[in-house]
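*Asks:* Given chain C, put chain U in place with the hints provided.
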Amino acid sequence: MNNRIREYRARFNLTQDELAKKVQVRRETIVFLEKNKYNPSLQLAFDLAKVFGVKVDDLFFEEEQGQ
Amino acid sequence: MKRSYLIFTVITLVVISVIGWIFNSSGSLPAFEILQFGVIGLMIVFAAYFGFTRLRSEKRGEPAEDEMTRKEMQKTASLSYYISLYLWLVILYVKDRILLDTEVWIGTGILGMALTFGIVWVIIHVRGLRNE
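So the sequences go chain by chain: C and U.
Here my numbering is used: position 23 in the first sequence is 23, and no number is missing along the way.
Numbering-wise, my numbering comes out as the position in the second sequence, counting from 1, plus 1000.
Be careful, since some hints might not be right.
[Unchecked claim] So the derived label-pair ranges between C-beta atoms look like this:
1. Arg1130/U - Ala10/C: 19 to 29 Å
2. Asp1096/U - Asn36/C: 28 to 38 Å
3. Asn2/C - Leu1055/U: 28 to 38 Å
4. Ala10/C - Glu1033/U: 48 to 58 Å
5. Arg6/C - Ile1034/U: 42 to 52 Å
6. Lys22/C - Met1073/U: 40 to 50 Å
7. Glu7/C - Lys1075/U: 26 to 36 Å
Hints listed in this document are in silico derivations from the structure and should not be mistaken for laboratory results.
Here the structure is a predicted model, which means the values were calculated and not measured.
Even for Gly, the Cβ is constructed at its ideal location relative to N, Cα and C.
Same shape as in the complex, but just chain C (with noise of 0.2 Å):
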């Protein structure tokens, strides 16, 4: 699975700082999920969806789509 969390991030001008606070994980956590490294819980995705106000699908996606 892939995301656009980085491309979201950057385009409401948030730190993985900042964006950790919002959805209450670690800053770390933000990391790995911008590398593709971790796959979120479902309750994450929708806090992520939510901050980005759009849907889970359109932050997520399988990865032959991103291509």
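*Replies:* Okay, now just chain U, sitting in the frame of chain C:
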């Protein structure tokens, strides 16, 4: 915050015990004990890293633990437990062939388990936690 301080308290107690152990050993230390001190040293560094990252997160206003750290710990614990079973099997096999005190074998097993946990955690942390 309490748990972070608990980690540092345990580290301090371990360091004091190791210093006591070194001072009580008569003469020069055998190679095997030096190896044990090395492993204990590594574990202290590992625990200190955990303690500092927890404190840093708390000071930043982030949770000390989140879903990723909990998943990492769960996966590390389950995998290192599985590997430790084989470690004890190896110790059971070797103990009849090498003459050492029972306490030394037990100590080696415990240190081996701690080392296994540390190595597994590093591998999982570097590789990441993607659904496989």
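*Asks:* Evaluate each hint against the coordinates.
*Replies:* Results of checking the hints against the structure:
1. Arg1130/U - Ala10/C: 19 to 29 Å: This hint holds: roughly 23 Å between Cβ atoms.
2. Asp1096/U - Asn36/C: 28 to 38 Å: The hinted range 28 to 38 Å is violated for Asp1096/U and Asn36/C, with Cβ atoms some 49 Å apart.
3. Asn2/C - Leu1055/U: 28 to 38 Å: This hint holds: roughly 33 Å between Cβ atoms.
4. Ala10/C - Glu1033/U: 48 to 58 Å: At 54 Å between Cβs, range holds.
5. Arg6/C - Ile1034/U: 42 to 52 Å: holds, 47 Å
6. Lys22/C - Met1073/U: 40 to 50 Å: violated, 24 Å
7. Glu7/C - Lys1075/U: 26 to 36 Å: holds, 29 Å
Checked against the numbered hints given earlier, this structure breaks hints 2, 6; the rest are met.
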